[in-house]
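Protein chains in written order, with my numbering: chain A, 1 to 315; chain B, 1 to 528.
Derived by calculation from the structure, the hints in this document are not laboratory data.
For each residue, glycine too, the CB sits at the ideal point set by N, CA and C.
Be careful, since some hints might not be right.
What the hints assert, rightly or not - Derived Cβ-Cβ restraints for the label pairs, each shown as a range: (1) A:Leu6 x B:Ala42: 43 to 51 Å; (2) A:Gln160 x B:Gly474: 35 to 43 Å; (3) A:Met176 x B:Gln240: 44 to 52 Å; (4) B:Ala379 x A:Leu6: 52 to 60 Å; (5) A:Ser30 x B:Ala414: 22 to 30 Å; (6) B:Ser34 x A:Gln160: 18 to 26 Å; (7) B:Asp407 x A:Ile69: 45 to 53 Å; (8) B:Ala183 x A:Thr74: 39 to 47 Å; (9) B:Ser329 x A:Ala111: 45 to 53 Å; (10) A:Gly96 x B:Ala382: 39 to 47 Å; (11) A:Gln160 x B:Asp114: 50 to 58 Å; (12) A:Phe66 x B:Lys317: 33 to 41 Å; (13) A:Ala111 x B:Glu417: 32 to 40 Å.
Stated by the list, open to error - With a Cα cut of at most 25 Å, we get these calculated DSS-like pairs of lysine-lysine: (14) B:Lys127 x A:Lys50; (15) B:Lys390 x A:Lys36; (16) A:Lys50 x B:Lys148; (17) B:Lys147 x B:Lys162; (18) B:Lys162 x A:Lys50; (19) B:Lys390 x B:Lys317.
Said to hold, decoys possible - Which stretches of chain A does chain B cover? Using the computed rule of at least three CB atoms under 8 Å from a CB of chain B, they are: (20) 47-56; (21) 67-76; (22) 147-154; (23) 239-253.
Below are the chains, spelled out letter by letter.
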Amino acid sequence: MASYILRRIWGLIPVLIGVTILVFMIMHLSPGDPAKIMLGPKATTESIAKLNAELGLDQPLYVQYFTWISNVLTGDWGRSLQLKMEVLPLVADRFGATLLLTLCSILIATAIGIGSGIISAYRKFSWTDRSLMLFVLVGFCLPVFWLGIILQIVFGLKLQLFPISGMYSPGQTGLMDLFLHLVLPSLALSAGAGAVIARMTRSSMLEVFEQDYIRTARSKGINERRVIYIHALKNAFIPVLTVLGMQIGFLLAGAVLVEMVFAWPGIGTLMVNGILARDFPLVQGVILFVATTYVIVNLIVDILYAILDPRISYQ
Amino acid sequence: MKINKLLMGTLIAAIMILGACSSKTSDQEKSGNSQIVIGLEAEPTSLDAHQISDYNSSRAAMEIYDQLVQFKDESTEIEPDLAEKWDVSDNGLVYTFYLKKGVKFHDGTDFNADAVKFSIDRQIDPKHPYHNTGQFAYADFTFGMVKKVEVVDDYTVKITLKERFAPFLGNLAMHAASIVSPAAVKKYGADFTKHPVGTGPYKFSSWNPGVEIVLKKNKDYFNGKAKVNTLIFKPITDPQTRLAELESGNIDMIVNIPPDDLSRLRADDNFQVIEQAGMHLWWTAFNTQKKPFNDIRVRQAVNYAINKESIVKDILKGTGEVANTVLPSTVWGHNAELKNYEYNPEKAKQLLSEAGYKDGLKVTYWVPESGSGMQQPQAMAAAIQSDLAKVGIEVKIQTIEWGAYLDKVFVPVAENEMDMHQMSWIGDNGDPDNFLYILFSSQQWPTAGFNDAYYKNKEVDQLLNDARVTEDKGERTKMYEKAQEIIMKDAPWVVIDSEKQIVVAGKKIKNFKLHPTGVFRFANVEVQ
């Protein structure tokens, strides 16, 4: 097991190097000059050239790449061209907000998804099953930004139950305030993932319910709840966990849209603004950060398999 | 299942408790009324006045600073600010400023002639020890003509220009001419952008990136105290979210309201719509050096063929003011006598036929997806395309992203592949020179400047050059009026409108007035 983990961590290095090269190339080869965008349409040619030189953007691409990557390795992620702040603390700070939003959404998605998946499977082909699955289908199909706006209008503007946007009320920093601000964006973000998890749980549970050991357990007179949650769910959970791991990636991506709609100060808004401004150091920093997280989450999911199902072993 | 009912009950109870808490919070906010919360379109990029190049930053930052001179309320006329008075030498090259005494920066240090010299030299002198503390986008524009800055004594400073430049005082009222605390720049270095220190009516309190910027009243302000204690600027990118926050009362004022929602807000008694035509122009430029638009008749024909009123009314929903000339009505020197080309498709067809395009012609029209000051580029392009189709001009629209678009537009004439393209301009120093010279002088062809139509007319060049070095405002006005007349006749552009600045605020905000430069002034604003 330990050697497997080590090997996987070792394997992360080429993946991350690949990511850095890809991001670097996409950003630098896309049209649009950061100096021109930074200085606005009113900049003179001399000032653009001067700024490009100051930023090192007049160097050949490979020189720029190696300078950047060697700085990153020493902890210097550069300074955002647009926001003029250090990239690493900025990204780390904003990533906290995105992580909070993503974790909350994954909790909601898992609770709702697994819950409704189990009920659906248990009452297969009943009205409960059909209406739950219809609900799930709708949840999956709703565009996340549209759902966000509807939640804002209904629960924020009309019912005034929750704040409409942002992370804190103006001038406040309380924990309760943060929690209230978290509700609507997490709900919006969790809809799609919850739906996928629900469908996966349902089909996986249906399969498990057909197994001999479940019949045996029932015939032994074991309490039905125990049969469902202990005997069936544990075995049905492996494919659900795989989907869950993948959904975290989708959630991180979906967070970009939700953050824009809810003015949530995460990396999504940071990245979109960064891309529009051709803010190379910032976008590279954000993507490197997200890619690393995604790869690590996948690793954790792989390790969890073994804990859940001892039959799985790693070599 | 019993458990389901129990779960449901708990969930509903939890939501209700949370809801109760949340309305309590917003009631508390509403009762603490000496603050104004402003919804910005995007995160400000810098609070260092010398590095600002966008509206969101200038709106959040400019109350922190003062300049030697300032624009009067609601106009671009100049009045004293940190300078008590000034002299200009007979040759127009030396400006001597006599500074106000006893003014302090927010960090407690003294404002004096050294601070003025520091604030200018930091931006224009590459050898200045603090030049590397930022990127100064507007330095060339604001101080490009400055030869040197000298400290005469503690409260007198002399600025010498390389050549006569009549609009110079206007430049000194701009954001890049703000006077910053040298002590703070020395202390924070490149992080001065996050710890701005000036002499203005509000001082910086905190910046939580992505969340808010908080400014507090400067109780020692030399020019009278501000009335509201706290200003909070919140970036909310999505226009619908910004609107919902305003309507729920969580924020007090917003900018750039979606045109479709504006009429609803105008009818709502809870809000006030404050508007003013801005120092802005939106136009479609022709490549005047290339067929078919090197023929004045074709340019005039396109001008006659486009229904400008309809674009402003139906697409912009009245958020713009139809332009009558190539200088906005808010800038002095604007020639009110001139008329834009009326909508007359018949005349357009006749001109095209005279120019040899009886059977019509095909042109390319470049359009950005969006962009600073570009209003609704794609919808406006579609309207123009449809108008031109009626007179036999087949328009092929090419849409690209703003950053890449700028690269395509501002290229030497030989490399320009466009027949027509859209562009807009937002004025800086309130001087006609800032529009007419920069956009129409033949010395300003890209990449040297912004004459994006590659327009060239000797008479116009002469008038614009003379006006630059004439101090007498009456004479300058005449020159600019004449220049506009010639330019409108030559039709290097189809000029459509000046975008209005529109702010919607709650009724509790009193005395808020827009300024043509787009900067927000809060010193006299009250909350009731």
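Hint by hint, here is what the structure shows:
1. A:Leu6 x B:Ala42: 43 to 51 Å: Cβ of Leu6 of chain A to Cβ of Ala42 of chain B: about 44 Å, so the range 43 to 51 Å holds.
2. A:Gln160 x B:Gly474: 35 to 43 Å: For Gly474 of chain B against Gln160 of chain A, whose Cβ atoms are near 58 Å apart, the range 35 to 43 Å is violated.
3. A:Met176 x B:Gln240: 44 to 52 Å: At 27 Å between Cβs, range violated.
4. B:Ala379 x A:Leu6: 52 to 60 Å: 58 Å, holds
5. A:Ser30 x B:Ala414: 22 to 30 Å: Check passed, 25 Å falls within 22 to 30 Å.
6. B:Ser34 x A:Gln160: 18 to 26 Å: The hint (18 to 26 Å, Cβ to Cβ) holds, given that Ser34 of chain B and Gln160 of chain A are roughly 23 Å apart.
7. B:Asp407 x A:Ile69: 45 to 53 Å: 27 Å, violated
8. B:Ala183 x A:Thr74: 39 to 47 Å: With a Cβ separation near 32 Å, Ala183 of chain B and Thr74 of chain A fall outside 39 to 47 Å, so the hint is violated.
9. B:Ser329 x A:Ala111: 45 to 53 Å: Given about 60 Å between the Cβ atoms, the range is violated.
10. A:Gly96 x B:Ala382: 39 to 47 Å: Given a distance of about 43 Å, which is inside 39 to 47 Å, the answer is holds.
11. A:Gln160 x B:Asp114: 50 to 58 Å: Roughly 54 Å apart at Cβ, these two residues keep to the hinted range, so it holds.
12. A:Phe66 x B:Lys317: 33 to 41 Å: 52 Å, violated
13. A:Ala111 x B:Glu417: 32 to 40 Å: 57 Å, violated
14. B:Lys127 x A:Lys50: 14 Å, holds
15. B:Lys390 x A:Lys36: Distance ~38 Å between Lys390 of chain B and Lys36 of chain A Cα, so the pair is violated.
16. A:Lys50 x B:Lys148: Within the cut-off at roughly 21 Å; holds.
17. B:Lys147 x B:Lys162: 5 Å, holds
18. B:Lys162 x A:Lys50: 21 Å, holds
19. B:Lys390 x B:Lys317: 23 Å, holds
20. 47-56: holds (count 3)
21. 67-76: Our answer is that it is violated, as 0 residues pass the Cβ test (under 8 Å) against chain B, missing three.
22. 147-154: Holds, because 3 residues of the region 147-154 of chain A bring their Cβ atoms closer than 8 Å to Cβ atoms of chain B.
23. 239-253: Coverage by chain B is violated here, the residue count being 0 at a Cβ distance below 8 Å.
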